[in-house]
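S.K.: Next come the chains, spelled out residue by residue.
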Amino acid sequence: MSQDRKTSGKSGPLLEVKDLHMHFPVREGVFRRARHWCRAVDGVSLTVGRGETIGLVGESGCGKSTLGRCIVRLLKPTSGKITFEGTDLTHLRQRELRPHRRHVQMVFQDPVDSLNSRHTVGQTLAEPFQIHRIGDARWRRTRVKELLEKVGLPGSAAERYPFEFSGGQRQRIGIARAIALEPSLIICDEPVSALDVSIQSQVLNLLLDLQRDMNLSYLFIAHNLAVVKHVSDRIAIMYLGRIVEHASSETIHRNPRHPYTRALLSAILEPDPTLNRQRIVLQGDVPSPISPPSGCPFHTRCPHVTDRCRTEVPLLREAAPGHQVSCHYDL
Amino acid sequence: MSTPVLSIRDLAVGFDTDGGLLRAVDGVSFDVPRGTTLGIVGESGCGKSVTAFSIMRLLPQPSGRILGGRIEFHDNGRSEDLATVDPEEMHRIRGNRIGMVFQEPLSALNPVQTIGRQLSEVLLLHRTNDKRQALAMAVEILGKVGIPSPEIRVAEYPHQLSGGMRQRVVIAMALACKPALMIADEPTTALDVTIQAQILELMQELQRELGMSIILITHDLGVIAEMCDEVVVMYAGRVAESGPVARIFSHPSHPYTRGLLSSIPRLTTPGKARLNVIEGMVPTLAELPAGCRFQNRCPFRVDACSNQPPIETIQDKHEVACHRWRELPPFA
Chain A
1 MSQDRKTSGK
11 SGPLLEVKDL
21 HMHFPVREGV
31 FRRARHWCRA
41 VDGVSLTVGR
51 GETIGLVGES
61 GCGKSTLGRC
71 IVRLLKPTSG
81 KITFEGTDLT
91 HLRQRELRPH
101 RRHVQMVFQD
111 PVDSLNSRHT
121 VGQTLAEPFQ
131 IHRIGDARWR
141 RTRVKELLEK
151 VGLPGSAAER
161 YPFEFSGGQR
171 QRIGIARAIA
181 LEPSLIICDE
191 PVSALDVSIQ
201 SQVLNLLLDL
211 QRDMNLSYLF
221 IAHNLAVVKH
231 VSDRIAIMYL
241 GRIVEHASSE
251 TIHRNPRHPY
261 TRALLSAILE
271 PDPTLNRQRI
281 VLQGDVPSPI
291 SPPSGCPFHT
301 RCPHVTDRCR
311 TEVPLLREAA
321 PGHQVSCHYD
331 L
Chain B
332 MSTPVLSIRD
342 LAVGFDTDGG
352 LLRAVDGVSF
362 DVPRGTTLGI
372 VGESGCGKSV
382 TAFSIMRLLP
392 QPSGRILGGR
402 IEFHDNGRSE
412 DLATVDPEEM
422 HRIRGNRIGM
432 VFQEPLSALN
442 PVQTIGRQLS
452 EVLLLHRTND
462 KRQALAMAVE
472 ILGKVGIPSP
482 EIRVAEYPHQ
492 LSGGMRQRVV
502 IAMALACKPA
512 LMIADEPTTA
522 LDVTIQAQIL
532 ELMQELQREL
542 GMSIILITHD
552 LGVIAEMCDE
562 VVVMYAGRVA
572 ESGPVARIFS
582 HPSHPYTRGL
592 LSSIPRLTTP
602 GKARLNVIEG
612 MVPTLAELPA
622 GCRFQNRCPF
632 RVDACSNQPP
642 IETIQDKHEV
652 ACHRWRELPP
662 FA
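Going down the list, the protein sequences come from chains A and B.
Residue numbering for the first sequence follows the numbering used here, starting at 1 and increasing by one per position.
Residue numbering for the second sequence follows the numbering used here, starting at 332 and increasing by one per position.
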């Protein structure tokens with residue numbers, strides 16, 4: 001059955017996000033009126049193809065996690081359109097969403113908070129099958145064992161509780177839950193940033209192996225550009241709710257055009273003391289998405305700022321084939 | 332050569348638990364040369380933070396205690412063993428001659444006191460009895476760590492500042508008394524990358540200006556490469572390898588150091604290729620293997636590894652604790 005789904009409608013992209021906005025009300029006063037709006041995601045468009053990994057990079061508060069949560073429809077976006085395998089998910093009600101839910105899954109950053117501490121690992125992993133009424137108890141038990149082995153854990157882990165596992169093992173359990181229903185897209189929200197260095201590479205390898213075996217697509221959300229570059233085909237850089245640059249990961253690395261991307265790249269500390277690169281140290285902090293700056297959202301920290309940047313919002317334009325950048329200038 | 336500002340010899344630190352005494356740090360020795368930055372790198376539970384808290388004598392009470400070894404602090408021609416010094420003397424040194432920067436600035440600051448009051452507290456304890464003067468000094472220090480309009484900021488509370496600004500305040504508190512040594516425990520881990528760059532640059536500037544020594548504790552080998560002169564690699568409570576940074580990164584001689592260096596994704600590694608991994612995970616303190624503690628994850632394990640390897644000098648200051656360092660293939 002899953003085979004039919006994966007071969008049908010192969011022409012278009014798997015996921016298409018168009019001009020997505022997610023604005024949260026900031027309520028104040030006795031009547032809790034919305035006095036301000038926090039523009040967490042402010043007009044984002046992107047596509048994810050089958051078997052492809054799109055990296056989404058940005059600093060805290062740039063809206064990358066909110067975007068991920070909109071796509072799995074944990075949040076209902078303010079406006080815009082989310083099309084998954086040709087179906088418009090934007091306005092579906094919870095009940096109507098259910099058949100789609102099994103195709104889009106999520107892996108969270110904190111493997112401690114995202115697992116129910118009162119359920120055994122087996123119960124947690126069997127839950128997707130119960131919700132979608134797949135198989136009987138015996139079939140589910142076998143399937144749970146298969147899933148655990150697939151993510152590199154012993155089948156006996158099913159009888160144990162989350163606290164009995166290390167961070168890396170818990171993240172493997174989170175990944176097992178995400179792949180249980182054989183989804184075609186997994187949103188990975190900072191999946192390795194809470195893990196130790198030697199465990200990070202194990203989990204990244206697991207994600208790459210699963211992608212190859214199951215033809216998965218990933219939206220890989222992280223702040224570490226080196227990690228994202230390693231797993232992604234294309235990378236979108238976000239700043240204050242918008243995509244400021246979008247290109248293949250090689251292009252982002254070799255030929256970054258947006259000053260923010262350049263600063264992010266130069267802030268990566270490579271484990272090599274012989275490298276003596278000129279660092280671009282940005283001044284100041286990220287402005288608040290409640291009152292974003294006029295014009296280009298990056299102009300308050302940009303080393304190349306001009307008067308035009310303070311007033312005119314740059315559009316995301318095609319600077320080269322497959323390379324979009326939102327800056328007035330070719331730097 | 333001048334005496335190092337800090338010499339640690341055979342430090343052992345343990346915690347009393349329901350399951351008996353756990354040795355979190357076991358036989359750790361290193362020197363911090365004057366005016367330089369020493370990095371301590373390792374994963375969670377390797378004992379790097381416990382080492383730092385032992386130097387400050389801030390181990391959680393009553394469970395944590397120093398079991399043995401010496402922590403010699405050489406300052407202004409005096410030498411003291413911080414492992415045994417009495418609490419009153421430690422009170423004089425802590426915050427005054429040794430400052431500390433913690434990972435999470437929000438929990439290191441008191442949420443119900445203004446920045447100015449917290450900074451003045453350090454100064455009133457060690458430097459002056461005049462509250463007005465202390466506040467004026469606080470303003471000056473805040474300016475020095477790059478906080479804009481410090482005379483307004485002193486009256487603000489921690490929640491009114493961004494993460495990067497809070498960390499600047501914590502650094503200001505650590506440096507308020509111009510210490511001989513600053514211990515920074517994961518000072519940038521909770522910060523965004525562009526803010527991390529700002530804070531690291533600030534620490535380098537202040538070190539140049541004040542001539543202090545720094546112990547920088549981190550899990551990030553990139554931060555070590557950027558900031559440190561020498562590095563100590565810790566694993567499961569012991570030193571695996573130590574030496575000058577350039578030497579350790581070009582000639583890592585412990586299988587653990589090699590594993591760490593080759594498992595990090597870099598910008599130059601080909602995309603979507605499998606990364607090298609260190610198999611398995613760090614053993615818990617309750618189930619440490621006898622002998623070399625890395626043996627159950629080590630690709631070079633031999634029978635001799637069930638005996639604890641001695642610390643051997645390879646050259647200069649480069650030391651390693653591995654039976655097989657001579658036989659390892661060249662590091663690519």
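Hint data in this document are derived by calculation from the structure and do not stem from the laboratory.
It is possible that some hints are incorrect.
[Stated by the list, open to error] Here are the computed distance ranges between Cβ atoms for each label pair: (1) B:SER581 / A:ALA34: 56 to 62 Å; (2) A:LEU74 / B:LEU437: 52 to 58 Å; (3) B:GLY351 / A:ARG35: 42 to 48 Å; (4) A:ILE280 / B:LYS509: 26 to 32 Å; (5) A:ILE280 / B:THR367: 22 to 28 Å.
[Unchecked claim] Pulled from the structure, derived: some chain B residues nowhere near chain A, Cβ distances all over 10 Å: (6) ALA343; (7) SER360; (8) PRO418; (9) GLY447; (10) ILE483; (11) SER493; (12) GLY495; (13) GLU532.
[Stated by the list, open to error] In silico DMTMM-like links for lysine to aspartate or glutamate, alpha-carbon gap of 20 Å or less: (14) B:LYS603 / A:ASP19; (15) B:LYS603 / A:GLU250; (16) B:LYS603 / A:GLU312; (17) B:LYS509 / A:GLU190; (18) A:LYS76 / A:ASP19; (19) B:LYS603 / A:ASP209.
All C-beta atoms in this analysis are idealised placements derived from N, C-alpha and C, irrespective of residue type, glycine included.
S.K.: The output says ALA343 (chain B) does not contact chain A. Does that hold with a beta carbon cutoff of 10 Å?
M.R.: ALA343 (chain B) clear of chain A: closest Cβ-Cβ about 24 Å, beyond 10 Å.
S.K.: Could you check that no beta carbon of chain A comes within 10 Å of the beta carbon of ILE483 (chain B)?
M.R.: For ILE483 (chain B), whose nearest Cβ neighbour in chain A is about 16 Å away, the distance exceeds 10 Å, so it holds.
S.K.: Checking the smallest CB distance to chain A, is SER493 (chain B) really beyond 10 Å?
M.R.: violated (5 Å)
S.K.: Using the C-beta atoms of GLY351 (chain B) and ARG35 (chain A), is the stated range 42 to 48 Å upheld?
M.R.: violated (58 Å)
S.K.: Given the hint that LYS603 (chain B) pairs with GLU250 (chain A), test it: the Cα-Cα distance must not exceed 20 Å.
M.R.: holds (12 Å)
S.K.: Decide if the proposed pair is consistent with the structure: LYS509 (chain B) and GLU190 (chain A), CA atoms, cutoff 20 Å inclusive.
M.R.: violated (39 Å)
S.K.: Need the status of pair LYS76 (chain A), ASP19 (chain A): alpha-carbon distance at most 20 Å?
M.R.: holds (14 Å)
S.K.: Would you mind confirming whether the straight-line C-alpha gap from LYS603 (chain B) to ASP209 (chain A) stays at or under 20 Å?
M.R.: Holds: LYS603 (chain B) and ASP209 (chain A) sit about 10 Å apart, inside 20 Å.
S.K.: Could you let me know if the closest chain A CB is still more than 10 Å away from the CB of GLY447 (chain B)?
M.R.: GLY447 (chain B) clear of chain A: closest Cβ-Cβ about 21 Å, beyond 10 Å.
S.K.: Are all C-beta atoms of chain A more than 10 Å from that of GLU532 (chain B)?
M.R.: violated (6 Å)
S.K.: Falls inside 52 to 58 Å, the C-beta gap from LEU74 (chain A) to LEU437 (chain B)?
M.R.: violated (27 Å)
S.K.: Since GLY495 (chain B) was said not to touch the interface, does its Cβ keep a gap of more than 10 Å from each Cβ of chain A?
M.R.: violated (6 Å)
Hint compliance for this structure: hints 2, 3, 11, 12, 13, 14, 16, 17 are not met, and every other hint is.
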